[in-house]
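Here are the chains, one letter per residue:
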Amino acid sequence: MKPHQRITALLLTAVLGLMLLAPTAALAADEPIQLVCYSQLANYSGKLTGWIAKILLDKFNVEITIVPDLEGVYETRMESGNLGDLVVWGNNGREYLNAVQGGYLFDWEEDDLLYDYAPYIAENMAAALEQNRAISGMDTIYGFGHNVASSTQDYEAFFYTWDIRWDLYKELGYPEVNSLDDLFDLFVAMKEICPLDENGNETYAFSLWPDWDGNMVMYIKSFATAWYGYDEWYFGHLNCETGEYYSALEDGSPYLEMVKFFNKLYRAGLLDPNSMTATYDTMTEKLRAGGVFCSIFNYSGSATYNTEEHMADGKIMLSLVPGDARPIAYGMSTLGGNRIWSVGAKSEYPELCLEIINWLCTPEGRLTMDYGPQDVCWYYGDDGLTYFTALGEACQKDRKTNLGDSQWDEFTGGEWSGEFNDGSFQINNTTWSTNATNPETGERYNKDFWASYQTEAIYEIDQDWRDWAGVETVQDYMATTNYVVKPATEYADPTMDDDLNLIWTQVKKAITDGTWNLVYAKSDGEYNYLLTQIVKNADGYGYETCEAWGETEAARWWQMVEALNAAQ
Amino acid sequence: MNDTLAQKLPPQHRTADRTYYLLRIAALFAMALMFFPDVSPAKVTILINKSVSLFSAGISYSGLISDSARPLRLEWVQASTYQILHYGSLTAVLGSLLAGACGCMSLGSLRLKRLGNIFGMIGGGMLMAGMGMTYLAYRQFAAIVEKADRIAATLPDAVYIYAGLGLLFVLLSVGAQGVLPRAEKTDRYEMKPKYRLFLMFLPIIVLSFVFAYLPLVGWRYAFYDYQPGGTLSAETFAGFKYFQMLFQNESTRNDMIRVLRNTLVMSGLGIATSWVPLVIAILMAEIRSRFFLRSVQTIITIPNFISWVLVYAVALAMFNTDGFFNGFLGLLGIQSDTNYLMGNDNIWLKMLAWGMWKGVGWSSIIYVAAITGIDVSLYEAATVDGAGRFQKMRYVTLPGLMPTYTVLLLLAVAAILSNGMDQYYVFQNAQNTSTIEVLDLYVYNIGIGEGTSIPLSTIVGMFKTIISVMLLFIANHVSKWTRGESIV
Amino acid sequence: MRRKTNELNHAGFRRTAGDRIFDSLNTVFFLLYLLLCLFPFYYLFINTISNNDLVARGAINFWPVGLTLSNYAALKSVTDLGTAFLVTLGRTVIGTATMVVVSAFAGYLVTKKEMWNRKFFYRMLVITMYFNAGLIPTYLNIKMLGLTDTFWVYIIPALVMPFNIILVKTYIESIPPDLEESALIDGAGYMTIFSKIIVPLSMPILATIAIFGAVGHWNSFVDSLIYNQTAIQLHTLQHVLYTYLNKTSNLAAMMNAGADATAAAQAAQSALNNKVIKYTISMVTILPILLVYPFMTRYFQKGIMLGAVKG
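Residue numbers (the working numbering), protein chains in the order written: chain A, 1 to 568; chain B, 1 to 488; chain C, 1 to 311.
It is worth saying that the hints were derived from the structure and are not from the lab. Treat the hints with care, since some could be wrong.
As the list claims (entries may be wrong) - Listed next, the stretches of chain A that the computed footprint assigns to chain C, with coverage defined by at least 3 CB atoms under 8 Å from CB atoms of chain C: (1) 45-54; (2) 69-76; (3) 275-287; (4) 293-304.
Claimed, not checked - Just a sample of chain C residues kept apart from chain B, beta carbon distances all over 12 Å, derived: (5) F151; (6) P162; (7) N273.
Note that the coordinates shown come from a computational prediction; the quantities given were computed from them, not determined experimentally. From the three backbone atoms N, C-alpha and C, an ideal C-beta is built for every residue, glycine too.
The task is simple: from the sequences and hints, build the whole structure.
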């Protein structure tokens with residue numbers, strides 16, 4: 001080939017190569033519409049599958065792809081300017097406000113689309129919509145928050161369930177437990193009668209894990225909440241009944257009291273010494289092997305420990321709330337929480353997005369989201385209450401139940417397939433709170449409160465607890481204790497600027513690291529020394545600024561509570 | 001070689017050469033400019049995403065319409081306008097490329113130069129045509145009345161710049177063509193070796209520029225109060241505010257010193273043990289059985305593939321109070337219930353041990369390859385001279401590996417501030433944090449990472465790059481000074 | 001039958017007593033080293049094939065109990081695993097092949113001292129290894145180039161790897177220059193010398209960078225995550241497996257804002273097998289590498305240089 005031909009050929013190849021880079025995009029007329037949902041709460045990546053996909057396809061002719069918020073996803077999506085079609089926010093703080101101010105979210109009132117395509121929301125969630133208008137600061141509605149209550153009198157299901165090893169408690173003869181000291185003695189006694197776990201290793205009252213630490217050591221601050229009924233509030237706790245703020249490092253603060261308690265447990269050999277290096281997984285191992293006696297949460301207690309094996313063996317973990325403890329319940333608000341449903345500004349089909357969100361707010365949609373398709377997994381009985389079908393119940397017990405199995409044909413009509421788990425609603429946000437009232441039935445959306453879904457005790461030990469507690473469910477039992485309700489207000493976390501943020505993260509690390517060291521102190525002398533250290537370190541980074549912040553915010557919150565009380 | 005090239009060039013060539021300097025610079029300018037979205041001539045409406053440059057508009061139609069899906073569907077704008085814009089941009093891009101080709105060909109012989117001039121003329125013309133099409137698209141956008149505020153048609157200044165460049169190319173090429181003499185039959189298409197090599201290497205330079213140098217424009221974020229999706233404007237300009245933030249109070253300063261100390265120690269230990277993979281490779285070469293050698297080669301790379309999270313899970317199982325190690329000691333009769341992962345002693349050595357366990361096998365691959373590359377005749381000569389096994393290792397193998405070793409050492413020295421984060425993240429806890437926290441982990445821990453503060457993370461990145469490059473050249477000079485040859 | 005010996009070994013036919021001692025020590029050393037490398041892998045492996053209940057209790061330490069392959073079978077239910085596998089395989093093959101060709105060629109060109117401004121360009125290339133522009137600028141750059149949501153984003157940015165080019169350059173510089181010179185005298189051009197002489201002689205280093213490149217492509221996750229967010233059919237194997245891993249547990253996220261007790265209990269149930277899933281995934285991604293790698297080791301052989309100088 002002649003050189004000039006060679007050169008021209010080279011250039012042509014380069015041009016062709018460049019054209020290969022261009023992706024093609026063409027949608028046939030009757031293919032389902034593809035929507036992208038960027039959800040900061042999702043853990044799933046990819047297209048929605050299973051029964052939920054079938055429902056969405058049949059109803060809206062739509063296929064939804066979920067993009068979870070893994071590292072770098074938020075930044076890159078904001079920079080590219082296109083957040084997606086549906087956008088679900090983890091909180092209404094800085095990230096959400098940036099998107100609002102940058103114009104990346106769709107104005108729901110544009111061309112009256114809200115009223116045309118989402119009438120149910122417009123009618124029934126007006127308070128939540130107005131709240132969104134207020135916090136967005138642009139006099140526009142961009143969406144609404146999660147866990148919307150149907151009325152302000154309700155509160156959420158109890159979260160801190162105080163699970164202990166009921167079989168050991170029974171063996172000890174149900175000693176009365178009121179104060180922290182009583183609790184301590186109970187654990188000492190439990191360890192005496194049960195010194196080793198199933199692997200032959202030592203047992204402990206608690207086993208902690210550092211990977212979920214936030215502003216303070218997670219378990220210790222939660223313990224303070226579970227005991228006093230004070231909610232976590234920046235670096236410290238908030239008294240929900242008086243609005244007082246207890247800074248984490250002040251003398252006699254709830255946080256430090258609990259740190260002292262855990263140190264006492266450690267010195268008595270009742271705290272798993274591996275806690276400092278543990279991960280959530282290793283903690284679950286210990287729990288499963290019967291090495292842990294107590295947990296304030298159900299997921300790190302009864303939910304993991306109560307296997308068929310253990311229960312058949314007479315071992316179980318169930319609730320026991322010490323007399324002096326005041327578990328907290330979170331009041332529900334008609335204003336919605338901080339996890340916002342919104343639509344992207346550059347979306348091609350905002351009308352469709354609004355329609356979908358609207359459907360999720362209807363009672364049918366709300367129940368379908370959690371429990372499966374209507375009339376396949378659940379239905380409204382003639383008495384106007386909610387019932388599970390046999391298939392629905394099976395799915396709740398075992399999420400791997402396959403809807404395509406022939407034994408369920410009478411419910412599915414042979415049209416549904418896939419495991420129940422595969423079809424779950426991976427966006428992970430709620431519209432109405434699960435404890436809100438379903439206007440169609442008067443019952444809550446939460447199946448634990450349905451008249452038709454109370455379960456019988458299968459195992460003796462379970463029945464034993466029910467007899468002792470005098471009620472059938474954990475929630476009922478918790479309702480008999482001296483609980484505190486934290487009133488829901490329109491309070492939203494304000495954004496911190498970079499300066500404060502930097503101080504905050506440094507103080508955070510000083511406090512969490514210092515707390516762990518305090519818990520592991522071997523003597524009073526060491527404890528006191530470490531206490532002065534933690535205060536000194538935190539102050540060095542600017543703890544005072546953080547404390548002042550907590551105070552101002554607590555005052556602001558209290559004002560909102562008082563305004564709410566005055567209005568009623 | 002060829003006589004035409006070696007001869008002194010006649011005066012016309014010299015004039016042409018001056019023209020070519022200008023043309024090459026202009027071509028470089030045009031080609032570089034087409035990658036910058038800020039000065040894209042294709043940005044005729046705000047419906048086009050801000051990250052679309054002339055290059056993107058030319059090669060990707062879908063990229064051009066990505067933000068306009070709804071306006072197109074509701075027919076506020078016409079797809080045909082976008083297509084005109086797209087093909088116009090494509091023409092402009094190709095035009096710039098042809099001008100670049102002209103610049104490249106001007107490095108060659110007369111024949112090449114003359115052919116190059118033709119490309120230059122065509123390229124300039126295409127560039128101007130492309131800008132014409134862009135202007136046409138602009139007029140179409142500007143003519144839309146309904147939703148005009150949503151469309152906001154503007155004609156970027158860059159259109160005039162490109163049109164001007166196009167004109168320049170045409171004029172220069174024509175001029176050069178006119179000035180140069182006609183080629184004779186015996187003239188050939190050829191180029192001096194030095195330029196030929198350069199042109200062969202050019203695609204690699206271009207790729208490196210496009211993927212590694214262009215993103216450095218992002219360093220400007222360090223000087224603004226920047227949030228994701230935000231703007232860079234006079235209001236958000238922050239000057240050196242963020243540079244000072246890291247040193248604002250004494251605790252932070254102490255932290256930085258501590259963290260840098262940890263980083264340097266860990267990297268230093270790594271460098272001090274960098275000879276280990278080399279020795280392992282030499283020992284591997286001495287294994288007699290080929291089967292055993294293959295097994296060793298494969299198995300020692302396994303630790304490299306186990307992620308640090310899993311390594312930590314295994315470490316927990318081994319060194320917990322209920323772990324094997326304590327169990328093993330128990331079997332020997334020693335009562336022990338310490339958790340070896342807590343505690344602040346010897347963290348550096350422990351981390352070094354884990355790091356070596358994981359990395360040495362993988363690093364030894366390079367040295368095994370290098371050993372294979374040593375000339376066999378050197379070994380034969382050594383045998384003839386009566387060298388024994390160990391002397392061969394010392395006088396043939398080792399020197400043969402030195403070039404590779406010194407290069408890797410140099411690169412490691414330059415990378416002294418980057419230890420990676422994964423290993424230290426999984427092993428850190430409240431008690432060892434003062435010695436285990438290296439720079440990368442510190443950045444992550446106090447949230448200077450991307451997620452919280454873009455200016456701060458940019459500053460850290462800038463700092464690391466500058467220090468690394470400086471160290472690279474310093475170490476290079478030291479090598480030139482001591483060993484007499486530079487490595488880079 | 002004489003066992004095949006390692007050609008790299010230079011002990012010669014007659015072994016002295018010192019040689020024997022050295023050989024045995026060498027063998028012992030490597031056996032211990034192998035044990036050290038293998039044990040953690042073995043630990044992870046037995047946990048994946050044992051009864052999940054025992055694994056959840058942390059009871060499996062030295063040998064498997066209650067053999068079961070259910071964890072591997074469960075991977076069948078991972079959505080899009082097949083597609084992800086093909087995508088990853090494709091990118092590994094194409095990406096590695098192209099990268100090796102580019103690196104070899106670039107490494108060769110850089111050794112030619114007569115290149116115009118060789119040192120300057122080489123240095124410009126090398127310092128890019130230390131560049132750290134940040135996530136957003138890199139992302140915007142890729143987006144600007146039109147590579148987001150395409151397959152080519154895996155291949156093109158990975159073509160020029162300065163580290164590999166340095167390795168090739170260093171290796172080529174150790175090849176005796178008389179080989180090239182004699183070819184030049186015979187009138188061969190750069191390309192001919194490159195393909196006929198340099199490449200065959202550089203097989204060991206090319207195999208090395210091929211291994212590095214292939215492993216990098218096989219294990220890649222971040223580029224799939226950041227650049228191909230909506231093009232799920234282009235997700236790599238690691239990305240899909242990571243999604244599968246996370247699908248079964250969202251406890252930590254739920255915890256951070258007063259999640260519902262019942263939801264938390266449900267999440268805890270599904271999180272129980274999380275640990276073993278992590279191990280299984282690790283096995284699944286490591287195994288192909290271990291199967292392919294021994295085939296690459298055959299490039300680390302002597303005998304290629306023999307006769308080259310004389311020819």
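Taking the hints in turn, this is what the structure says about them:
1. By the rule of at least three residues with a Cβ nearer than 8 Å to a Cβ of chain C, the coverage given for the stretch 45-54 of chain A holds, with 4 such residues.
2. Requiring three or more residues with a Cβ within less than 8 Å of a Cβ of chain C, the coverage given for the stretch 69-76 of chain A holds, as 6 such residues are present.
3. With 6 residues having a beta carbon nearer than 8 Å to a beta carbon of chain C, the stretch 275-287 of chain A meets the requirement of three or more and the stated coverage holds.
4. Counting residues of the stretch 293-304 of chain A whose C-beta lies closer than 8 Å to any C-beta of chain C gives 7; at least three are required, and the coverage claim holds.
5. With 12 Å as the threshold on Cβ separation, the claim that F151 (chain C) sits away from chain B holds: the shortest Cβ distance comes to roughly 14 Å.
6. Not every CB of chain B lies more than 12 Å from the CB of P162 (chain C), the least distance being 8 Å, so the non-interface label is violated.
7. Listed as outside the interface, N273 (chain C) is consistent with that label: its C-beta sits roughly 14 Å from the nearest C-beta of chain B, beyond the 12 Å cut-off.
When held up to the earlier numbered hints, the structure conflicts with hint 6 and nothing else.
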